[in-house]
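Given the coordinates of chain A, assemble chain B onto it according to the supplied hints.
Here is what each chain is made of, one letter per residue.
There are 2 protein chains.
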Amino acid sequence: MDHLEKLCLHTITTKPWPIETAAKKFRAAGITGISVWREALIDRNPSHVGSLLKEEGLEVVSLVRGGFFPDRDANRRRDAIDQNKRALEEAAALSAPLLVLVCGADPRQSLEDSRKQIHEGIAALLPVASDLGVKLGIEPLHPMYADTRSAINTLKQANDLAEKAGSDQVGVVVDVYHLWWDPDLEKEIQRCAQLGKLFAFHICDWKVPTNDFLNDREIMGRGCIPLSRIRKWVEAAGFNGYKEVEIFSNHYWQTDQDQYLKEIIEAYKHNS
Amino acid sequence: MDHLEKLCLHTITTKPWPIETAAKKFRAAGITGISVWREALIDRNPSHVGSLLKEEGLEVVSLVRGGFFPDRDANRRRDAIDQNKRALEEAAALSAPLLVLVCGADPRQSLEDSRKQIHEGIAALLPVASDLGVKLGIEPLHPMYADTRSAINTLKQANDLAEKAGSDQVGVVVDVYHLWWDPDLEKEIQRCAQLGKLFAFHICDWKVPTNDFLNDREIMGRGCIPLSRIRKWVEAAGFNGYKEVEIFSNHYWQTDQDQYLKEIIEAYKHNS
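Chains as they are written, first to last, in the numbering used here: chain A, 1 to 272; chain B, 273 to 544.
Hints are not guaranteed to be accurate.
As the list claims (entries may be wrong) - Not close to chain B: a few residues of chain A, all C-beta gaps over 10 Å, as computed:
#1 4
#2 55
#3 76
#4 89
#5 126
#6 147
#7 166
Said to hold, decoys possible - BS3-like mimics (lysine-lysine), calculated; alpha carbons at most 25 Å apart, straight line:
#8 B/459 x A/156
#9 A/54 x A/25
#10 B/436 x B/388
#11 B/436 x A/187
#12 B/428 x A/187
#13 A/116 x B/504
#14 A/85 x A/164
#15 A/187 x B/459
To be verified - Here are some, though not all, of the chain A residues that point toward chain B, as calculated from beta-carbon distances under 10 Å:
#16 105
#17 180
#18 226
#19 229
Calculated from the structure, these hints are not laboratory results. This structure is a prediction, so every number in the text was calculated from the model and none was measured. Ideal Cβ placement from N, Cα and C applies to all residues, glycine included.
In isolation and in its complexed conformation, chain A is listed as follows (with noise of 0.2 Å):
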């Protein structure tokens, strides 16, 4: 892989630049996609933000993050949909095609109740995503986050669910990072396309040794991950889209974004 047509980037990988720079900087290095964080959006118009990044030339693959449905309380529960509907009138506004759901647990019930309550709180979003134009994709997360993150862990649940959904509007996200270990993957990945529910690619790597269990991931290429072996899973079953960088990582954050910038860029080429 050494063109960069296909390479996206998250706002949150390079979170110090607010989203003006980032999107300036992204340009400037040859980057094409850029999925958006809500948190990139503060005190903004969407709108205007959606159209300084199509006037910088930059693609919106992705609005992030969704979900966080399951609660044992009703009104928190809708209050969760609620949260989403303005999540995925935020996507309209910036032109984003798809809402990144990150589907939430809540330790004080069962993973089935809230597996249950996610389901259903993506049923209630439905009729909101198609009239507004904006998929929906249930990212699984890893198995360590099943206490309070989501209660979908592997991809053969996110099929399930999005296929429960009866929904073209509605598919998922394949992130390496959290399901590489999983001995199911290329499988499921298979499957995922098939159901035409192969929705985004997410990309990172998994350092050796983890300290923190939620800003340590790594560049592509310095982890354990088997990226280029996913990779050609995830392109053989069809996905032509972006691949994007979502890294999350204290130690990179405290560095030279611009370094930072090139190291990814680099890593891409060679480790993607």
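Just chain B now, with coordinates in the frame of chain A:
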């Protein structure tokens, strides 16, 4: 669960206590089972420790832990097998009927290669294990340990591997900490028992939030693992062995160990 006949503690749970102290404290508290970590045997004769535990009225449930078979370097794989043979001899000297295997993983190679080497390592140990009358228990580890600790990350994989070993000497260790999130858990517990391979059952809880990858486990009932539900699955499958409390916790190791032991026993009575 309000009786203690099937309660076993791992020596690592009360790590600050030397094994001689742990033995007296466990027995005084009414505990009858002990699983011995190899670290607790340093500078000691395993036969003498075995006699001491027996005199104290404790049944040795297992020796923890062998394994760590994979390595890209064949010499180091041979060393690992030698190490495991010594562990089996220690287990026999202690009168431990089971050696728990944390299978290992080498992040410099694929998980498939590591799994192949785990299979080969177990096959190489089998004759010694049979001669000594010590069983081998494959413990699947949480996927967050797939980088360096184990390429066996689900109960299905452990069952498959134990079945492939083709010997009654090889079975599986079910630890709720590693497996609670798995949607196939009930099914694979049943399968494990039907195969005659459900050798051991480890309990603790998943702390919310967990801040350390290794040593931040919780006492039963204080986290989010549906422990009584999993215990019922294990018992319904026919398991009637010890419930082994295996807690690694920098927090609890810094507290008064007598008080901590009391809390473990209360938790076992009410939340297991």
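How the hints compare with the structure:
no., hint, verdict
1, 4, "28 Å, holds"
2, 55, "41 Å, holds"
3, 76, "17 Å, holds"
4, 89, "31 Å, holds"
5, 126, "24 Å, holds"
6, 147, "5 Å, violated"
7, 166, "20 Å, holds"
8, B/459 x A/156, "16 Å, holds"
9, A/54 x A/25, "14 Å, holds"
10, B/436 x B/388, "11 Å, holds"
11, B/436 x A/187, "22 Å, holds"
12, B/428 x A/187, "16 Å, holds"
13, A/116 x B/504, "23 Å, holds"
14, A/85 x A/164, "21 Å, holds"
15, A/187 x B/459, "20 Å, holds"
16, 105, "8 Å, holds"
17, 180, "8 Å, holds"
18, 226, "6 Å, holds"
19, 229, "8 Å, holds"
The structure does not agree with numbered hint 6 stated previously, though it agrees with all others.
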